[in-house]
Amino acid sequence: MKETTGATLVGKPVRRKEDERLLTGRGLYVEDVQLPGMLHVGFVRSAHAHANLLAVRRERALALPGVVAVLTADDCPELASPLPGLLEPGTLNNPYCDLNVATPRLLVPRKAHYVGEPLAVVVARSAYEAADAVEAVEIDYAPLPVLASWQDAIRAGAPRLHDGVDNVVAHLKHELGDVEAAFRVADIVAEERLEIQSLKSMAIECRGAAAQWDAATGSLDVWSTSQQYYVVRDIIARTLLLPQERVRVMARDVGGGFGLKGLLHPEDIIIPILAFRLRRPMRWVETRSEHMIASNQSGETVHDVRVAARRDGTILALDVKMYIDVGAFNGFEMVCPTNTVNHLPTHYRIPNLRAEGWSIVTNRTPVTPYRGAGRPEATFTTDRTLDLVARRTGLDPLEVRRRNIIPRESMPYATGLIYRDGVPIVYDGGDFPGMLRSAVELADYDGWRGRQAALRATGRTIGLGIASYVEGGGIGPSEGATVRIDETGRVLVLVGVNSQGQGHETTLAQICADHLGARFEDIEVRGGDTTLLSIGFGTAASRVLVNAGNAVFKSAREVRRKIVVLAAHMLECAEADIAVEQGVAFVRGTRQIAASFAELAAKANRSPMMAALGGPGLIATEHFYPRTVTWSSGVHVAVIELDRETGVVKILKYATAHDVGVPVNPMIVDGQLNGGIAQGLGAALFEAVLYDAQGQVLSGSMMDYPMLHAADMPELEVEHFVSPTSENPLGVRAVGESGTIAPPAVLAAAIEDAIGGGVRVTRTPLTPRHVRALLREAAGA
Amino acid sequence: MYPAAFRYHAPATLEAALALLAELGDRARPLAGGHSLIPMMKLRLAQPEHVIDLRKIAGLAFIRETDRGLAIGAATTHWQVESSPLVTARLKLLAEVAAGIADPQVRNRGTIGGSLAHADPAADYPASLLALEVELVCASAKGRRVIKADAWFQGLMATALASDELLVEIHVTLPPPGTGAAYIKLPHPATRFAIVGVAALVTQDGSGRCTRARLGITGVGPAATRLAGVEAALAGAALDRATIEVAATQAAEGLDLQDDRHATAAEKAALAGVFARRALEAAVARCGG
Amino acid sequence: MTERIDTMSIAITINDVVEAHDVEPRLLLVHFIRESAGLTGTHVGCDTSQCGACTVLLDGLAVKSCTVLAAQADGAEIVTIEGLAKNGALHPIQQGFREKHGLQCGFCTPGMIMAACQLLQRHPKPTRAQIRDQLDGNVCRCTGYLQIIDAIEWAADALAKR
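Protein chains in written order, with my numbering: chain A, 85 to 865; chain B, 35 to 323; chain C, 26 to 187.
Because the hints were derived from the structure by calculation, they are not lab data.
Nothing false has been slipped in among the hints.
Result set (PhoX-like, lysine-lysine): computed pairs, CA atoms no more than 25 Å apart in a straight line:
#1 C:Lys111 with A:Lys101
#2 A:Lys257 with A:Lys405
#3 C:Lys150 with C:Lys186
#4 A:Lys638 with A:Lys687
#5 C:Lys150 with B:Lys126
#6 B:Lys176 with B:Lys90
If you want the footprint, here are the derived chain A segments under chain C, 3+ residues with CB under 8 Å:
#7 364–378
#8 760–771
#9 781–789
#10 795–807
Remember, it's a predicted structure, so these values are computed and weren't measured experimentally.
In this text, a Cβ means the ideal position worked out from N, Cα and C, and glycines have one as well.
My request is simple: use the sequences and hints to build the entire structure.
Below is the structure:
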């Protein structure tokens with residue numbers, strides 16, 4: 085399988101290479117970019133959710149100090165260019181989606197579709213003066229009826245948001261087994277409506293872009309916060325009629341992404357257009373207030389769920405109708421609801437399943453996948469439903485899970501569903517019952533259940549919850565990696581993806597060190613620059629370590645192969661006698677007969693041996709094409725206490741068992757899980773994007789969008805399971821989004837368990853106000 | 035994010051600052067710690083033509099003992115109050131209130147005077163200043179005047195401070211010896227402002243009867259106010275659990291409660307009672323020192 | 026476009042270096058540090074004085090530099106993240122963050138570390154509860170805080186040993 089080269093770094097908590105610059109304030113984020121003669125850009129944003137633009141009056145703004153220009157699409161034709169969706173119709177092999185309609189979108193439109201949409205652009209000497217200009221631009225609107233919610237958009241007689249396009253812009257449907265037959269024979273049939281809120285990325289770094297046109301080389305340099313910087317390059321090139329090689333997009337360092345720095349933001353393209361047209365360097369960074377209205381968010385989702393079960397608690401069928409608010413434009417071909425369908429089974433046998441979903445446009449900020457991307461919605465649905473069955477049968481929620489769980493012996497397990505890459509889903513390992521047992525024990529579930537009634541008698545309101553998840557991660561199509569050793573012996577690893585905190589410069593170096601035989605400190609990993617590799621497919625969908633990691637593995641091994649051939653020749657021995665460790669190739673058993681990487685690299689430039697080894701240099705570029713995604717999994721169990729008078733929730737215990745396959749760097753795995761859990765808890769308890777009936781954003785600043793602080797994060801009891809996947813040589817599964825999936829379901833269950841009185845928790849967030857309402861409902865019952 | 039332009043002044047003396055205020059009136063805003071004013075200016079909710087920075091004026095930040103209690107300079111920061119051995123020894127309640135304001139960085143800059151002049155309806159100090167006996171000393175070019183705390187808070191972010199005046203000192207009378215005091219709040223999860231906060235000071239005689247009760251509430255209405263109904267219900271009563279519980283039910287009396295994002299008016303009434311009760315229980319537990 | 030705007034001369038010592046510049050009175054301290062002095066390690070993450078990414082030490086106290094006018098810091102001494110490491114050697118707090126994976130994207134990190142400087146000055150042997158409480162002015166979206174708390178505990182031990 086995989087012979088490594090002596091000491092292994094994979095699996096060790098190696099300290100991160102990127103920390104050196106980030107800890108000393110020497111990162112280079114977009115707002116740090118300083119270009120001589122740089123101007124600053126501001127955006128005049130729509131104050132209305134739906135309106136025609138009658139006039140843009142700029143005289144006052146132009147009279148202000150430091151203001152260089154105020155532009156609309158009328159002044160600068162490229163500003164009227166289309167902004168494509170990231171995944172246009174037909175991009176994917178989506179097996180369920182039978183309708184997906186493009187909603188044409190312009191960078192700077194003449195009509196407002198959501199509050200915050202950019203309607204005019206200002207350019208000024210400083211960001212302060214740009215802000216003055218933005219305030220001074222006057223816009224005349226002709227307001228139009230607002231589709232403030234998806235319900236508004238599908239009501240009979242609702243106006244169409246886009247000409248010639250129905251407000252239902254996408255549809256999917258899938259059935260597995262025979263759902264209606266199952267419902268006919270079921271002992272228990274239940275239904276309810278679940279509501280999942282819209283969420284904001286809230287990366288601490290907001291979005292931004294900087295750009296500079298270099299007349300001497302006829303090229304455009306762009307600094308971006310995007311997670312999809314190759315797509316940004318392609319759209320810029322297409323818009324400005326420049327060859328792709330003349331547009332360089334750099335995206336490093338980036339201060340958090342979580343999905344929402346993926347594409348579909350007009351500013352990503354407008355800033356480079358301005359630099360090109362005005363022949364001056366430009367920079368723009370979003371303010372947090374702009375982020376709250378203009379940065380994409382996840383879509384508010386409603387599920388109508390029906391379940392059929394036997395009286396022994398086993399599930400016969402699940403039927404889910406999904407209504408997804410995608411905001412003003414359709415750009416992601418139902419990635420999230422498709423993920424939801426495919427993540428519904430989690431750890432349980434669902435023999436009959438039907439799902440149908442509708443993407444609906446509204447006058448809200450456009451929607452793109454946020455960390456989790458439909459998976460939290462799946463776990464919320466399945467775990468709430470299992471708890472509903474528990475209630476109807478009188479069984480403990482833990483017992484219902486035991487009766488439905490997929491045992492180890494059933495692996496590999498085909499769920500009957502098809503991933504959005506078109507490949508049938510098979511869980512290739514994982515010990516679901518083991519993880520359930522582990523999390524339950526870590527949380528002392530039985531102990532707390534045993535004490536619950538007695539504690540209630542002393543006035544303490546305790547509740548327990550369980551939730552399980554799987555994470556399909558590591559989707560293709562592919563990633564590449566170049567591994568090259570230079571004549572000083574340094575190893576350069578080039579990849580076509582970038583990091584927003586995941587530590588790729590470290591984990592990919594660990595992989596390279598092990599499989600090339602290099603010293604960790606001699607390796608430098610570089611990504612986030614379109615000049616490094618010809619293409620990459622984005623940091624999203626928990627795909628980088630699986631794809632780029634295995635590409636690095638392949639390239640490292642190929643370079644090692646070349647080293648062995650070259651060294652055997654240089655050291656006059658058989659190839660089988662060559663060992664490669666710590667940057668040196670030597671004859672096994674005698675380290676005296678050796679050649680360093682530096683010597684070998686120098687040799688590899690001119691040696692005719694390289695004719696049979698792919699050309700000059702110790703270099704290889706390999707690509708990893710995953711057959712399909714890998715499946716990580718886990719179980720979360722929580723014990724909470726409620727303050728009945730205020731509705732405040734306190735987490736007493738939070739236990740998790742999880743399996744991410746082979747952990748390349750356990751410290752980084754823990755970090756990904758911890759951070760994901762913090763976001764999941766925020767979604768469970770506090771966070772929500774809120775609108776009023778006019779489409780105005782009520783959650784307009786950090787003050788109105790509470791996130792977890794240090795004091796809110798519980799200590800975690802964690803058990804790690806390791807079942808390597810057979811889907812890739814490294815055996816790694818994805819971890820990026822795992823932490824976010826279970827918390828909303830687990831806290832919903834625990835709070836419901838605490839409140840009692842027949843009350844059902846069917847929506848998040850469980851703010852104190854929501855909890856107080858549930859407590860009143862229980863008291864009234 | 036970016037304040038609008040303004041003219042900046044940093045007068046070296048109080049007299050010079052007051053002269054500027056006399057001339058400019060409400061075209062100027064005084065700047066102390068800046069943690070109420072600057073956030074408003076960054077969102078352009080405030081766009082003063084003139085800003086008068088008080089940083090160079092000596093003698094505005096101090097904590098002194100007086101014959102009645104404590105005198106605190108208006109420019110004293112929350113951290114200075116929080117960490118003052120004098121305040122901790124003489125009037126622990128105030129140190130605890132200060133320690134719960136916002137976060138450590140804000141407390142290093144925010145001042146008691148700035149907070150009181152700004153009068154955010156969910157700020158922490160107002161509840162306890164109403165429950166204590168407090169006088170606010172204001173200075174203008176015309177001289178000084180003293181305003182009792184009860185007359186200070188006049189409405190939503192409205193105080194008795196005139197546009198040509200500066201708040202310069204806060205005089206606190208120490209409660210009678212043996213008084214128990216506590217401030218309990220329900221903090222907003224994002225800002226730590228008080229969704230509801232109640233400060234209670236309770237004095238009892240040797241037989242456990244209440245000889246004095248003063249409560250202030252913040253967060254639920256447009257301005258902080260006393261809980262007169264609760265105070266009346268406690269007068270002369272035995273301070274046992276049952277009495278406190280009944281007294282607390284009077285909390286909503288006279289309060290101006292409206293529905294908002296945090297709670298309905300009915301919930302605010304209930305929460306006022308809950309926190310009155312919790313503050314009283316904590317205060318009574320501290321009676322006797 | 027009218028050109029003339031009123032500026033004032035301000036001198037602030039940042040990491041022992043005097044930075045003297047003519048600036049508009051409305052210039053926020055964080056922008057003086059980042060743009061006038063070119064020290065971009067201190068970051069801006071919000072506009073409501075909540076996230077703490079802009080935290081620096083001002084005359085020894087941790088403050089949110091986005092909520093201070095540069096003019097208010099005229100004549101003051103500032104320490105930013107760039108001023109912590111001495112002669113290429115990381116400060117123990119920086120080391121702790123590295124040892125314990127207290128950062129991921131790194132954007133909140135400079136402010137978090139400067140807040141930790143004050144935390145450990147005031148509480149040299151903090152409990153985890155005290156650390157959580159004293160970090161209330163700093164928001165991190167990546168780490169979930171637990172490894173930050175570990176990092177500060179590590180740093181407290183390291184400082185105690187010095």
